[in-house]
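Trainee: Given chain A's structure and the hints, the job is docking chain B onto it.
2 protein chains.
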Amino acid sequence: MKIRVAKKILEANDRIALLNRERFKKAGVFVVNIMSAPGAGKTSLLEKTISRINGKLRAGVIEGDIVGTEDAERLEKLGIPVVQINTQGACHLDANMISEVLDDLPLNDLDMLFIENVGNLVCPAEFNVGEDIKVMLLSITEGDDKPSKYPLMFKESSALILNKIDLAPYLDVNIERIKRDSLKINPELKIFEVSCKKEEGIDDWVSWVIDLRDKGMKR
Amino acid sequence: MKIRVAKKILEANDRIALLNRERFKKAGVFVVNIMSAPGAGKTSLLEKTISRINGKLRAGVIEGDIVGTEDAERLEKLGIPVVQINTQGACHLDANMISEVLDDLPLNDLDMLFIENVGNLVCPAEFNVGEDIKVMLLSITEGDDKPSKYPLMFKESSALILNKIDLAPYLDVNIERIKRDSLKINPELKIFEVSCKKEEGIDDWVSWVIDLRDKGMKR
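First to last, the protein sequences are chains A and B.
With this note's numbering as the guide, the letters of the first sequence map in order to residues 10 to 228.
With this note's numbering as the guide, the letters of the second sequence map in order to residues 10 to 228.
Isolated chain A, as found in the complex (with noise of 0.2 Å):
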C-alpha cells in the first residue's frame, strides 16, 4: 500500500473569533459550539437541554445548516431566540458568519448560546467562533473508530457525548474503545452517555454544562 499526503491551507479567522469572543463577554453569555456527524442528534440533544435549562437560564441558538430551517423550527418551539444561518454549501460555520447574526440575537438577555454547527466531523473544529467550549456529539451507530480517523474534533472538545446508547445491544460497537481513543486524543475529554430518545443521561451532561457556566462566568 502506497501513502500519499495531500494539502490543505486553512483561512485564518481567529481575529473574528476573538472579537465575538469580547462582545459573548461582555454580555455575560456563555457560549457552546455543539459539532457531530449528519444525523448524531444535536438538535435532539438541544430540545433535551434547552426545556431542562428554561425557567433556570435564558438559552438562545444559532443554528447552522447548508440549506433549510427544520432544525431552527423544532427549536423555536421551545419559546426561545433562534437564528438560522444557512451556509449556502459551506460545510461549517466560521466566526465571520456568526459575527454576521449577534446583531439579531438579543445577546445581553441570555445566559447561554448554543451554536449547532454544520454536521460534520471535519472543518467544524477547525474554525473557532469565540465560543467558551466546544462539544462533540457521537453516535455509537457511527462506530468506534472514529476518534482515530478524525482526531481533531475529540482533541478541540471539552466533551464527548455518546448518544443513541439505546442501540448499543443491536451494534457491533465497542463504546470502551470509542472512550479509551478519545482518551488518549485528550485527556482532558468529559464523556458522557446518553440517549436522547430514552431521555435517558441528559441530565449528568445538562449538571456539567451549566456548572461549567457557572463557574466561567465567575472568572
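In short, the hints are calculated from the structure, not lab data.
Check each hint, because a few of them may be wrong.
Note that identical chains are pooled: a pair holds if it fits in a single copy or bridges any two copies.
[Unchecked claim] The list that follows gives simulated cross-link-like pairs (lysine-lysine, DSBU-like), each with its CA atoms no further than 30 Å apart: (1) K86 with K65; (2) K207 with K188; (3) K188 with K86; (4) K86 with K193; (5) K206 with K188.
Mentor: Here is chain B on its own, set in the frame of chain A:
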C-alpha cells in the same frame, strides 16, 4: 426567526477531473466515487462488493481519509491494489489529489476503480474527480431528514444505498420519506436497501453496478 445567508467560493477543479476522466476511459476502467457521512459503512460496503466482484472483474480502491490507514488495511486483505490518500484536514477528495495517485495504481489492469471519499455529506459532492458515477451511502440511523438538509449529494449521485436496514425496528425513521424526498431531488436516483452486517441487498447493488459498467464500456 431570522434567516441569514453566508457565502462560499468553490475552487474549480473540473479541468483536472476531465484529464482524470480521459485517463480512466483510455485504461478501460469504470470509476465509482462512494460518498457518505462518517460511519455510514462505506468500507463495509466495499468489502462486500469487492468480494463479490473478485474473480469476475479486477477491482482497485483509492481510499480517502483525513489521517490513518485503517480502512485501506481492511480492503487490502481482499488482495486488490489499494492506494491511501491522507488529506491532512481536507474534508473531501478533489480531482488533483486523485490525479496525483493514479501512477500508483495498475490502471490498465483494472476493470473497476472504487474511490472511497472522506466521510462527509457536504463537500465531496461538490468536487468531481473524473468518476463515471457517484454513489451515496446513507445509514438509516442518520434519520429521514437528510435529503432536505444535504440535497446536493442526493442530486449528484446515480445511486443511493440505504445501509443498516437491519436496525429499522429500533429507530424512529421513516424510510419512505427518505426515498420520496430523495426522488424529488433526483428522479433518476436508483435506491437500494442493504444491510452490510446481515449481508442483505448487496447482490442487487452489485449486479446493478456491474451492469452499468458493462454498458459504459461498450460506448
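Trainee: Hint by hint, say whether it matches the structure.
Mentor: Hint-by-hint comparison with the structure:
1. K86 with K65: within (18 Å within a copy, 56 Å between copies)
2. K207 with K188: Both. Shortest intra-copy (21 Å) and inter-copy (27 Å) distances satisfy the 30 Å Cα cut-off.
3. K188 with K86: Cα proximity of K188 and K86: across copies only (28 Å, versus 34 Å in one copy).
4. K86 with K193: between (39 Å within a copy, 28 Å between copies)
5. K206 with K188: both (21 Å within a copy, 23 Å between copies)
When held up to the earlier numbered hints, the structure conflicts with none and fits them all.
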